[in-house]
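Asker: Residues per chain are reported as follows:
There are 2 protein chains.
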Amino acid sequence: MDYKTLLDERDLPERWYNIVPDLPVPLPPVIHPGTHQPIGPDDLAPLFPMGLIAQEVSTDQYVPIPEEVREALKLWRPTPMYRAHRLEKALDTPAHIFYKYEGVSPAGSHKTNTAVAQAYYNKQEGVKRIATETGAGQWGSALAFACQLFGIELKVYMVNVSYQQKPYRRQMMELWGAQVVASPSTDTQAGKNILAADPDSPGSLGIAISEAVEDAASSETTKYALGSVLNHVLMHQTVIGQEAQLQMERLDAYPDVVIGCVGGGSSFAGLAFPFIKERLEGKAIEFIAVEPEAAPSITRGTYTYDFGDTGELTPLVKMFTLGHTFVPAPIHAGGLRYHGMAPLISLLAEQGIIEARAVHQRPVFEAAVLFARTEGIIPAPEPAHAVRVAIDEALKCKESGETKNILFLLCGHGHFDMAAYDSYLTGKLEDYAYPAEAVKSALAGVPQIA
Amino acid sequence: MDYKTLLDERDLPERWYNIVPDLPVPLPPVIHPGTHQPIGPDDLAPLFPMGLIAQEVSTDQYVPIPEEVREALKLWRPTPMYRAHRLEKALDTPAHIFYKYEGVSPAGSHKTNTAVAQAYYNKQEGVKRIATETGAGQWGSALAFACQLFGIELKVYMVNVSYQQKPYRRQMMELWGAQVVASPSTDTQAGKNILAADPDSPGSLGIAISEAVEDAASSETTKYALGSVLNHVLMHQTVIGQEAQLQMERLDAYPDVVIGCVGGGSSFAGLAFPFIKERLEGKAIEFIAVEPEAAPSITRGTYTYDFGDTGELTPLVKMFTLGHTFVPAPIHAGGLRYHGMAPLISLLAEQGIIEARAVHQRPVFEAAVLFARTEGIIPAPEPAHAVRVAIDEALKCKESGETKNILFLLCGHGHFDMAAYDSYLTGKLEDYAYPAEAVKSALAGVPQIA
Numbered sequence: 003m004d005y006k007t008l009l010d011e012r013d014l015p016e017r018w019y020n021i022v023p024d025l026p027v028p029l030p031p032v033i034h035p036g037t038h039q040p041i042g043p044d045d046l047a048p049l050f051p052m053g054l055i056a057q058e059v060s061t062d063q064y065v066p067i068p069e070e071v072r073e074a075l076k077l078w079r080p081t082p083m084y085r086a087h088r089l090e091k092a093l094d095t096p097a098h099i100f101y102k103y104e105g106v107s108p109a110g111s112h113k114t115n116t117a118v119a120q121a122y123y124n125k126q127e128g129v130k131r132i133a134t135e136t137g138a139g140q141w142g143s144a145l146a147f148a149c150q151l152f153g154i155e156l157k158v159y160m161v162n163v164s165y166q167q168k169p170y171r172r173q174m175m176e177l178w179g180a181q182v183v184a185s186p187s188t189d190t191q192a193g194k195n196i197l198a199a200d201p202d203s204p205g206s207l208g209i210a211i212s213e214a215v216e217d218a219a220s221s222e223t224t225k226y227a228l229g230s231v232l233n234h235v236l237m238h239q240t241v242i243g244q245e246a247q248l249q250m251e252r253l254d255a256y257p258d259v260v261i262g263c264v265g266g267g268s269s270f271a272g273l274a275f276p277f278i279k280e281r282l283e284g285k286a287i288e289f290i291a292v293e294p295e296a297a298p299s300i301t302r303g304t305y306t307y308d309f310g311d312t313g314e315l316t317p318l319v320k321m322f323t324l325g326h327t328f329v330p331a332p333i334h335a336g337g338l339r340y341h342g343m344a345p346l347i348s349l350l351a352e353q354g355i356i357e358a359r360a361v362h363q364r365p366v367f368e369a370a371v372l373f374a375r376t377e378g379i380i381p382a383p384e385p386a387h388a389v390r391v392a393i394d395e396a397l398k399c400k401e402s403g404e405t406k407n408i409l410f411l412l413c414g415h416g417h418f419d420m421a422a423y424d425s426y427l428t429g430k431l432e433d434y435a436y437p438a439e440a441v442k443s444a445l446a447g448v449p450q451i452a
Numbered sequence: 003m004d005y006k007t008l009l010d011e012r013d014l015p016e017r018w019y020n021i022v023p024d025l026p027v028p029l030p031p032v033i034h035p036g037t038h039q040p041i042g043p044d045d046l047a048p049l050f051p052m053g054l055i056a057q058e059v060s061t062d063q064y065v066p067i068p069e070e071v072r073e074a075l076k077l078w079r080p081t082p083m084y085r086a087h088r089l090e091k092a093l094d095t096p097a098h099i100f101y102k103y104e105g106v107s108p109a110g111s112h113k114t115n116t117a118v119a120q121a122y123y124n125k126q127e128g129v130k131r132i133a134t135e136t137g138a139g140q141w142g143s144a145l146a147f148a149c150q151l152f153g154i155e156l157k158v159y160m161v162n163v164s165y166q167q168k169p170y171r172r173q174m175m176e177l178w179g180a181q182v183v184a185s186p187s188t189d190t191q192a193g194k195n196i197l198a199a200d201p202d203s204p205g206s207l208g209i210a211i212s213e214a215v216e217d218a219a220s221s222e223t224t225k226y227a228l229g230s231v232l233n234h235v236l237m238h239q240t241v242i243g244q245e246a247q248l249q250m251e252r253l254d255a256y257p258d259v260v261i262g263c264v265g266g267g268s269s270f271a272g273l274a275f276p277f278i279k280e281r282l283e284g285k286a287i288e289f290i291a292v293e294p295e296a297a298p299s300i301t302r303g304t305y306t307y308d309f310g311d312t313g314e315l316t317p318l319v320k321m322f323t324l325g326h327t328f329v330p331a332p333i334h335a336g337g338l339r340y341h342g343m344a345p346l347i348s349l350l351a352e353q354g355i356i357e358a359r360a361v362h363q364r365p366v367f368e369a370a371v372l373f374a375r376t377e378g379i380i381p382a383p384e385p386a387h388a389v390r391v392a393i394d395e396a397l398k399c400k401e402s403g404e405t406k407n408i409l410f411l412l413c414g415h416g417h418f419d420m421a422a423y424d425s426y427l428t429g430k431l432e433d434y435a436y437p438a439e440a441v442k443s444a445l446a447g448v449p450q451i452a
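Quick note, the sequences are listed as chains A and B, same order. Its first residue numbered 3, the first sequence is counted upward by one per residue in my numbering. Its first residue numbered 3, the second sequence is counted upward by one per residue in my numbering.
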C-alpha cells in the first residue's frame, strides 16, 4: 500500500499562479478610507517593497518564482501528499482521503512559503528591517526564519496573551534572531495609548497590526509584512496546489472535494486556487472553506467594504466581514480568529464557487484526536477544522456508498498546541455560541461605501 | 542544487541488520546477578514476548521485518537524507555534510522505529498491556503512538522532574491513549519505598525502570518495553542506516565519517551498524559516537559488568559504565543521561572500531543554533551533540583542505526543547565539570565478576 506521494526538487513549481485574471468578475478595488477612491501602488510604498506591490496589483496569470526563493523553498519543498489509509479504515468509508502536509517546513506551517518570498523582495530593495505582528506565533516564526536566511532584522509584535501562554513560539522566533515584544508595547504610540487606557490589556491582532504598521511607517529603512489576506500572499501559497495537482495526477485520482480551513484565507487559497482554475475551465470539483463558529465571517458576515484591522489604519477592502471591531472568542485556533476574509476568497464565495462551512471546536478536536491516533501526525488546531469536514464528507460517502476523492490541506502540526489537546481530553474545552449581538453591533460600525 | 534525497516506500528495508554474527569477537554473555551464570531466554520471559527475546539472542545476520511493521513504518519512512549546503557555506568548508533526519516520525524521533516493532511482537503474543519508563518523553511518546496503532494499553512511568517540566510530552502520550504517572509513584512498591524516604523525590530513569519492571513482572498480561541498550532495540533501528546507504549510493557520495550521539546507543547503532559492516569488509570509514561530558561513559567509564538500572533489578551486562549509582548532571539532553552504554556499542568501542568523543552542552547549543539558522530544522538537544562534532570535523577539513563526506544522524527535532534554547540564548546554560569523584565512587560499587 502507498501512503505518501513524494515529489523531487525538480518538480518544485517555477511560477506562482495568480487567480486574478481568471476571476469570473473583476475584483473590487481597494479604496482609501478618507477619499473612498481606489488606492494606487504609491499609497502602499511606505509599507511594502515595490516588488510585492507589483504582485499585489498584478493581472498576469503566472509570476515566475525567483531562483533564490526556489532555493530557499527547497529546504522543505516539495511537501508530501498522504493517502489516509488508516483514517479511512477507522471510518469504514469507501471514500479516498488525501492530505497535503505543510507541517514539514522549518516553522511548521505553510506560512514559511510566503515568508521567504517576502523576505527576498525586501532584501532585493535594500530593506534592512521588517516589522510584523503575530497572534499565536505561526506567522512570526515563519518570517523570523525567512529574515534569518536573507539577513534582515525582524521585530515581532506578539499579542500579549499568546506571548504569555506560548513561550515556545517566542523562543523559536528568538532562536532565528528576531526581536519579540508583547503587544501592546511601550515601543509605539499605538501601544502606549492602549496601555494608558488598560495597563493589563491582553492585546489583540488588531492592536498588534497597528503597532507593526506604525513602526514600519515611521522608519525609512523598515517595511511591514503581512502573513495572509493580501493577493500577493495568497499567490505565494499556490506552490501548494500546483504540487498537489501533480501528486494527484501521479495517483491518477482527481479530487472531487477540496477542503481547507480559513482565517485570513491564505492556506486554503494555496491549495484551492490551482484547482479552481480547473473548475472554471469546466471540471467538477467542490470547494469547502471551513471556518470556526466563533469567527464565521463567510457563513454569517456581510460582503462589504471594511477595514482590515481594528485600529482603522489599513485601506478598505471588499470582503466578508463580521465588523472590524468584532473580537472573536478565545478558541484555540488562534490563526482563524479574524473578523474578515481575503478579498479573493470572499469574491469566490460570493460567486458560489466556494462553499463555506462553520464548525465548533469540540467536534474539531474530536476529529483531530482520531486523526492523530490513526495517521500519527498531530494537527494544529487550525487545520483540525479541515480534518473535521474531511471526516464529515467521508462519513457522507459511507451513507451514500460513493467513492469520492477527498483532498484536504493539513497546513501545520500541533507540536506547540498540546495544551489545547489536553484541554479537550480532560473535558475542559468549551464551544462558544454564535455571538449574534456582538456581530450585529460590530457590523453597524462598518463604513458605508456608495 | 539538490538539498534532499528522498526514497520511495518500495525502498523501505525488508529486513533488519543484526551485527552480532559480524562482530570481530563474540559478545560477552548477559549474566544473572545472583549466580553470575549466563541467563537464557526463559529468564527474560516474564518481561518480554518470545518474539523479541528470540531477536535479543539471535545470531542471524538479517531478520525479516514483518509486513505489519513495514506498513506502520511507511507512515513516515523512508526518512529524508539532506545535504547541508547552507551550513557548509556558513562554515566555508570544502567538506560535504549530509544528515539523515528521523524527526519526521509521529513522535518526532527515531524511537518510533523500534516502538512499532515492539508493539507488534507483543500484540502477536496476546499481550494486552505494556509498562515502560520515560525520561524526557521521547521513548514514552513513541511507544504510546505504537501501542495506539496496535491496540495495546500502555502505562508510562515518567521521571517526576520531566513530568513537571515537560507537560507537552505528557499530553502527547495521553493524546495517543497512554496512562502517564510521575515517577516515583504510589502505584508500585519501588515507588512507595523511594517516596517514604524522600516525599519530594525528583525521580530518575533508574527509579522509573524499577517501577515499570515491577509493574510488568507482577502481572500475567503485562510486559515491559525498553527504548534503547538491548540488542533487538538497536537492530530495529538499522532501517536508518540501510536507507542511508541507498541514499548515499544515489548521491554517489560514500561517507568518510559517520557521526551520531550516544545515550543508550540505539540511534547511533541504527545509522552506523550497516556502515560498520562495510568497514569490517574493508572500507575506510571513521565512526564517532558523541556523548555528553556530563555522562561520558565510553570516554571516562570502565568496560565491565554492571547493572542496567540503579535499583539493581536488571541482569548484568558487560558495557562501558560510570557505575549504576552515578547520577548525571541535569543537562538538557535528557536522552543522553545514562550511566551505561549498549553492550554492542561498548564492544565496538573497546575494539577500536568506534571512536568516542565527549562534548559540553554550551558548544553543543552553539552548534545547534547555527544549524537551525542555516538549515531550518531545530535539533533536539541529543542530536545537537552530533551536530557539534559534524561541524568540528567540517572545520578540520577547512584547515586541511580535505573534501570529506561527513554523515551524521539528526535523530529528532527540538520542538519540545525550546526552553533549553532559551536558556542558551539568554546566557543561562551551564557546563558541568567532569564529576571525577562521583564516578570513582559509583565505579567502586560495580559488581566484581571473575
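Hint data in this document are derived by calculation from the structure and do not stem from the laboratory. Each hint should be verified, as a subset may be incorrect.
[Unchecked claim] Beta-carbon label-pair distances, calculated as ranges:
(1) A/Arg252 / B/Asp24: 34 to 42 Å
(2) B/Ala438 / A/Glu155: 40 to 48 Å
(3) B/Gly42 / A/Glu432: 41 to 49 Å
(4) A/Arg252 / B/Gly354: 43 to 51 Å
(5) B/Arg252 / A/Glu432: 24 to 32 Å
C-beta: ideal position from N, C-alpha, C; glycine also.
Asker: Each hint should be assessed against the structure and marked as holding or not.
Answerer: Tested hints:
Take A/Arg252 and B/Asp24: their Cβ atoms lie about 40 Å apart, and the range 34 to 42 Å holds. At about 45 Å, the beta-carbon gap between B/Ala438 and A/Glu155 stays in the expected band of 40 to 48 Å. For B/Gly42 and A/Glu432, the hinted distance range of 41 to 49 Å is not satisfied, since their beta carbons lie about 57 Å from each other. At about 48 Å, the CB distance of A/Arg252 to B/Gly354 agrees with the hint of 43 to 51 Å.
The hinted window of 24 to 32 Å between B/Arg252 and A/Glu432 is violated, with their beta carbons roughly 52 Å apart.
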